[in-house]
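S.K.: Given next are the chains, with one letter for each unit.
There are 4 protein chains.
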Amino acid sequence: MTALSEKTEARCRASFARQQAMATIGASVRSVAAGDIELEMPFSEKLTQQHGFMHAGVITMLADNACGFAALSLMPDDAAVLTTEFKINLLSPAKGERFVARGKVVRPGKKLMVCLGEVFAEEAGQRKQVALMTASMMVIETSTGLRD
Amino acid sequence: MTALSEKTEARCRASFARQQAMATIGASVRSVAAGDIELEMPFSEKLTQQHGFMHAGVITMLADNACGFAALSLMPDDAAVLTTEFKINLLSPAKGERFVARGKVVRPGKKLMVCLGEVFAEEAGQRKQVALMTASMMVIETSTGLRD
Amino acid sequence: MTALSEKTEARCRASFARQQAMATIGASVRSVAAGDIELEMPFSEKLTQQHGFMHAGVITMLADNACGFAALSLMPDDAAVLTTEFKINLLSPAKGERFVARGKVVRPGKKLMVCLGEVFAEEAGQRKQVALMTASMMVIETSTGLRD
Amino acid sequence: MTALSEKTEARCRASFARQQAMATIGASVRSVAAGDIELEMPFSEKLTQQHGFMHAGVITMLADNACGFAALSLMPDDAAVLTTEFKINLLSPAKGERFVARGKVVRPGKKLMVCLGEVFAEEAGQRKQVALMTASMMVIETSTGLRD
Chain A
8 MTALSEKTEA RCRASFARQQ AMATIGASVR SVAAGDIELE MPFSEKLTQQ
58 HGFMHAGVIT MLADNACGFA ALSLMPDDAA VLTTEFKINL LSPAKGERFV
108 ARGKVVRPGK KLMVCLGEVF AEEAGQRKQV ALMTASMMVI ETSTGLRD
Chain B
8 MTALSEKTEA RCRASFARQQ AMATIGASVR SVAAGDIELE MPFSEKLTQQ
58 HGFMHAGVIT MLADNACGFA ALSLMPDDAA VLTTEFKINL LSPAKGERFV
108 ARGKVVRPGK KLMVCLGEVF AEEAGQRKQV ALMTASMMVI ETSTGLRD
Chain C
8 MTALSEKTEA RCRASFARQQ AMATIGASVR SVAAGDIELE MPFSEKLTQQ
58 HGFMHAGVIT MLADNACGFA ALSLMPDDAA VLTTEFKINL LSPAKGERFV
108 ARGKVVRPGK KLMVCLGEVF AEEAGQRKQV ALMTASMMVI ETSTGLRD
Chain D
8 MTALSEKTEA RCRASFARQQ AMATIGASVR SVAAGDIELE MPFSEKLTQQ
58 HGFMHAGVIT MLADNACGFA ALSLMPDDAA VLTTEFKINL LSPAKGERFV
108 ARGKVVRPGK KLMVCLGEVF AEEAGQRKQV ALMTASMMVI ETSTGLRD
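Chains as they are written, first to last, in this note's numbering: chain A, 8 to 155; chain B, 8 to 155; chain C, 8 to 155; chain D, 8 to 155.
Just chain A, same shape as in the assembly:
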């Protein structure tokens, strides 16, 4: 894994910090490398579905953001990232103390970046994959008025 420049890392973290939805679900950054990001989030009762597990949509939010962040880390300074689509397979109920989403860029295109996202549940020192995502991130010129 390649480290990010200080400038790029600061830019990615600032973009993450502007997302109020990330604060609402308690997400934070675990690790940062070029095109390869890990976010994490604790279990929270207020984000559960009817069986008491974390809602699939919340798991999806974390995975989507890990992918978007990974894409942003490879983009030029004057570009912003926009998710155009993703698909997620839910492999197991999201049951655990903590959830980690890893986003990796599989194809760093100039207009579109394709990413792979994996979400793991952690409990009592054990780790289990609970979701698998593929996502398309569009590279938007910030001259359009969109910030990263």
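Because the hints were derived from the structure by calculation, they are not lab data.
A hint or two may mislead.
Chain copies aren't distinguished; within one or between two, either way the pair holds.
Stated by the list, open to error - Below 30 Å or equal to it, Euclidean Cα-Cα: the simulated DSSO-like pairs (lysine-lysine) are: (1) K135 x K102; (2) K135 x K111; (3) K118 x K102; (4) K111 x K14; (5) K111 x K53; (6) K102 x K53.
No experiment lies behind these values; they were computed from the predicted model shown.
With the hints as your guide, set chains B, C and D onto chain A.
M.R.: For chains B, C and D alone, coordinates are given in the frame of chain A:
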């Protein structure tokens, strides 16, 4: 559209009410028919992404739940619903006062139900589609211990 | 449905005719309107999977092409279409005498068009939906050297 | 990678051989291990799209079959496999002398297996990834009359 029996509607609404994540995002039920459900949610600043629009993951939660609810409305009494996968295309930024997700069952299989989800942003009396989802919902026997 | 101009229709049909894969599977154009296309294909034993039904990949080819053609019908003259991703839910075994794929543009963006594809099996005058697709089609400037 | 038992391998290869669509596109088995399969296919002009590259639908057929085969390799003797859905991201034009699809089981569930598929183009000793797939394979009891 076919109306649901009182019993089935009560069961679907009770399942929805058990989802704390739905309360957290402020979602409620707009309309209910057999295999065809509408949920709604107001704009909320705490659920925004970095550009100030509703986070794609929140839009996804609403669409996923509309699809799951639509599937549950067609299931036998002793079955619970579990999302196995979905894909969402984000058509426009989720900008509006209110968001409505409609879930419809396209294929009511015995083991798997395939659903189509559409999310619309409403603002100043106008409605614009912002997302398109397809989802697979597994029919789980509640004898497995899983409630609906 | 809006009719296409003669010029646009001719251009779409010429692009379709250049696809040797379409001749190989026996596909032809059934109907053409702006952003709304139907292709068809007879059953063929040489395109079956292990249970004697049409292979899911062949059904997918037809649906992908219907979506691509629908997108192309709305593009400017100097643009070519490229599928960037699609997802298909296979609703029922592809059993029938003839298969019809309908592609419709849901979101005609300048850079990306999102399409909905539906495939139906026809047999003895009956029609049954066998597949549901969502697809992203990228608008490529032909100045890049890519023809439509 | 774990080797398959002779019996399971024979069964998987026999199922592959029954797929006439695979003969039509010239596909063959490159490598076989438990839950991890590689199929290959030469370039063929009759399977091209309008720009002279292999049609995305053909690439999809190969990836779908690699995933299905990988799932079948982990199933009990009395089970058959049925693709319920897949999504594919097309990363680069399918340009090459030969195409290799690798299918791996990510989640070997009792009812549903989730697989990851990757397709590579090979040319002049070089290998480039051209597609990324995620797929759901349903485990069907052959007592239903469906053979593997």
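S.K.: Up to 30 Å between alpha-carbons, please classify K102 paired with K53: within, between, both or neither.
M.R.: both (14 Å within a copy, 25 Å between copies)
S.K.: Between copies, within a copy, both or neither: which fits K111 and K14 at Cα up to 30 Å?
M.R.: within (20 Å within a copy, 38 Å between copies)
S.K.: As a check of your reading, is K111 near K53 (CA-CA no more than 30 Å) within one copy, between copies, both or neither?
M.R.: both (29 Å within a copy, 27 Å between copies)
S.K.: Which holds for K135 with K102 at a C-alpha limit of 30 Å: within a copy, between copies, both or neither?
M.R.: Within one copy only: 9 Å inside, 36 Å across.
S.K.: Evaluate K135 and K111 at a C-alpha cut-off of 30 Å and name the case that applies: within, between, both or neither.
M.R.: Close inside one copy (18 Å) and across copies (17 Å); limit 30 Å.
S.K.: For K118 vs K102, is the C-alpha pair at or below 30 Å within one copy, between two copies, both, or neither?
M.R.: between (37 Å within a copy, 20 Å between copies)
Violation of the numbered hints given earlier is absent; every hint is satisfied by the structure.
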